[in-house]
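J.: Here are the chains, one letter per residue:
Number of protein chains: 2
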Amino acid sequence: MRTGLTRSAIRGLIGELVARGVVEEIRSGSAGLPGRPSPVVTPDPRSAVALALEVNVDSLAAAVVGFGGTVHGQVRVDRPRAHLSLDDIVGDLVDLSAPMLDPIRRDPTLLGVGVGVAGVVRRSDGLVRQAPNLGWRDEPLGARLGAALGVTQPVAVANEADLGGLAEHRRGAAIGADAVLHVTGEVGVGGNVMIDGRPLVGAAGYAGEIGHMPVNPSGRRCGCGSHGCWETEIGEPAILSLAGRPADGGREAIAEVIAAARAGEERASAAMEHLGTWLGIGLAGLVNIFDPSLVVLGGMFERIHPLVAERIDAVLDERALPASRELVTVVPAALGADGPVLGAAELAFEPFLADPAAHLRPARSVASA
Amino acid sequence: MRTGLTRSAIRGLIGELVARGVVEEIRSGSAGLPGRPSPVVTPDPRSAVALALEVNVDSLAAAVVGFGGTVHGQVRVDRPRAHLSLDDIVGDLVDLSAPMLDPIRRDPTLLGVGVGVAGVVRRSDGLVRQAPNLGWRDEPLGARLGAALGVTQPVAVANEADLGGLAEHRRGAAIGADAVLHVTGEVGVGGNVMIDGRPLVGAAGYAGEIGHMPVNPSGRRCGCGSHGCWETEIGEPAILSLAGRPADGGREAIAEVIAAARAGEERASAAMEHLGTWLGIGLAGLVNIFDPSLVVLGGMFERIHPLVAERIDAVLDERALPASRELVTVVPAALGADGPVLGAAELAFEPFLADPAAHLRPARSVASA
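Here the protein sequences come in this chain order: H and V. Quick note on numbering: the first sequence equals residues 1132 to 1500 in our numbering. Quick note on numbering: the second sequence equals residues 1132 to 1500 in our numbering.
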């Protein structure tokens, strides 16, 4: 992590963090190098935590996550794909998180609440501008959740694909990579780009809607209102239809198609071939646009990756600019379904990481009072 | 400009810059505000300069540009669209710049050389990886130019669309905008994204090749080797063919088509309609991907903008996600053909701006010797 702080400022800050119990200082081994070893500072996961929530198309989740990524408790419940009101979802999230939240609600170590949602989110206030797969438009998720949870800590909301990408960069398949494109898909297709460890968010936080890149302008109508978006070729309904299954079969139907393709079923294999080709076509464009060193495939694409990896590589060879092509590797995500929740926790820790001293001040004034 | 320096460090640095004559300090008026007015620091354009060069498909240019963007001298010559060797082009650039360069070659105020080229460039060493419209592949433009110019200053090379975007952000249509997409087109279509004043460069500097986003995968073969890239729908040859003109008519033929469309000629108007529609389709995807607050159209798109602005807006309304759509404005570039040269100068000043003190040190040791 680059902080822009001098070494002595960092030492002072670590001292404060240790005194507060937020991190532990562990002497590192000398590793055969000369000079006094630098201490290794490990976050104490029990003393700084975030409540992380997720609203996706198939499930709701709540977790308490320690600073550093340790999950202390997590619960996930399936939800029907029906369009539920904001009030219903907020009510469910409150119920889901209550057992974990109640013991720490007033605790100063609870630094914040992070929320991932399958929609286009205005980051400044957590307004969900558009979430076609939830049936939402301009729903004030952040504000409503803050009130309903009864917490005074900040509630930060972001798109769940963005948070999945953030988590893969901090804790998963993309640790240390300088330019990462994260592509995730279930019903919808979303994405996130991390450049030097910072997410590309755009003017208002809406960036990364790569599922709505037009790849086939005379193609199928998309849930967003346009035609031929990438999502209409590689999203769950497209794959299921091509495989001759009901388009609304959901996650279980996709699992069945994957198994059938492995067993050599023709329609299922054709659907995988189509998916590999169109994943490759869209990725070629995105590789040309972003020049990433790594592409991480998440969601259903992670599960399908072994079946389509070869086809994707072949299409990239054919369609991406050679200079960018030769730099990039396509890998499956490492965190599975937990990515967005871990990313939501990272989001909640961000104000603290940006200015740890400010967060320590209240505790110090209490101590000196 | 954000420097990460404290106010007192900045004062010290300005003192050194004034002593060296690189900047002038001018007392600002009080503007009716209380307190001691901050001095306004203006770069002294005569005392820190860059040599800026451009290799595009139709012309070569050389300029001496002062720190702050003042052009002290510039020369541009047309070139045929034939494929010329690296040696020929380097020779031409040396001849073109000699009258301006000779008087300042050994001058410490010449901070560097910046070069814009119509191709995919590895930023680390100025290798032109791929420039289909110049007929180049893996040509060491940066290294060869440094030797041929006989300068010891660094030679930095970048894609000319990237530099046009940088210049529009610093001195043109996008001053102060936080998330800007710059789209420029002649034969090829290129682009650049500036986020918070920093260009998106990708893992090796190849980012921004938006002309090679697949918008019509069963479409025409592209110069890059793929099919149906955006460039095949909105590049110069496509427009000229649609207007019933020879596809290789170049810049003058485009000017004639623009005049014909204004006069109501049917084929020319149909070509403009096609261009507006396909500019809109591609921009819708890029707006969804980047969430920019501003789209700047450069090159031939700047000249065509008045004829297609309405159509672009209509297609964006239809195809871009409403949340991102409502934030974005599409405007023509402000710097015309000079954009890439001004951007090349900015590129040459970058090492100085990143660490002004390091550049001042040699002069100080000379003074104290």
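Hints listed in this document are in silico derivations from the structure and should not be mistaken for laboratory results. Every residue, glycine too, gets a C-beta built ideally from N, C-alpha and C. Be aware that a few hints might be false.
Unchecked claim - Covered stretches of chain H (chain V as the covering partner; in silico rule of three or more C-beta atoms under 8 Å from a C-beta of chain V):
hint	stretch
1	1404-1416
2	1422-1432
3	1451-1457
Said to hold, decoys possible - Beyond 10 Å from chain V on every Cβ pair, some chain H residues (computed):
hint	residue
4	Gly1200
5	Thr1201
6	Gln1205
7	Val1251
8	Asp1309
9	Leu1331
10	Gly1336
11	Glu1340
12	Asn1347
13	Gly1380
14	Phe1483
J.: Checking C-beta pairs, does the stretch 1422-1432 of chain H have three or more residues closer than 8 Å to chain V?
T.: Coverage by chain V holds for the stretch 1422-1432 of chain H (3 residues, Cβ < 8 Å).
J.: A cut-off of 10 Å on Cβ-Cβ distance, and Gly1336 of chain H was said to be off the interface with chain V. Does that hold?
T.: 7 Å, violated
J.: According to a criterion of three or more residues whose C-beta lies within less than 8 Å of a C-beta of chain V, is the stretch 1451-1457 of chain H covered?
T.: Satisfied; 5 residues make the cut.
J.: Beyond 10 Å from every Cβ of chain V: is that where the Cβ of Gly1200 of chain H lies?
T.: At about 25 Å from chain V, Gly1200 of chain H clears the 10 Å cut-off, so the statement holds.
J.: Holds or violated: is the Cβ of Val1251 of chain H farther than 10 Å from all Cβ atoms of chain V?
T.: 5 Å, violated
J.: Mind verifying the non-interface call on Thr1201 of chain H? Its CB should be farther than 10 Å from each CB in chain V.
T.: Answer for Thr1201 of chain H: holds, closest chain V Cβ roughly 31 Å.
J.: Would you say Gly1380 of chain H is clear of chain V, with no C-beta pair closer than or equal to 10 Å?
T.: About 26 Å separates Gly1380 of chain H from the closest Cβ of chain V, which puts it past 10 Å; holds.
J.: In terms of Cβ atoms, is chain V entirely out of 10 Å range of Leu1331 of chain H?
T.: 7 Å, violated
J.: Compute the least Cβ-Cβ separation between Glu1340 of chain H and chain V, then decide whether it is above 10 Å.
T.: 4 Å, violated
J.: Does the no-contact call for Phe1483 of chain H survive, Cβ to all of chain V over 10 Å?
T.: 21 Å, holds
J.: Classify the label on Asp1309 of chain H as holds or violated, using whether its beta-carbon is more than 10 Å from each beta-carbon of chain V.
T.: 6 Å, violated
J.: Could you check that no beta carbon of chain V comes within 10 Å of the beta carbon of Gln1205 of chain H?
T.: 30 Å, holds
Of the hints listed earlier, those the structure fails to meet are numbers 7, 8, 9, 10, 11, 12, in rising order.
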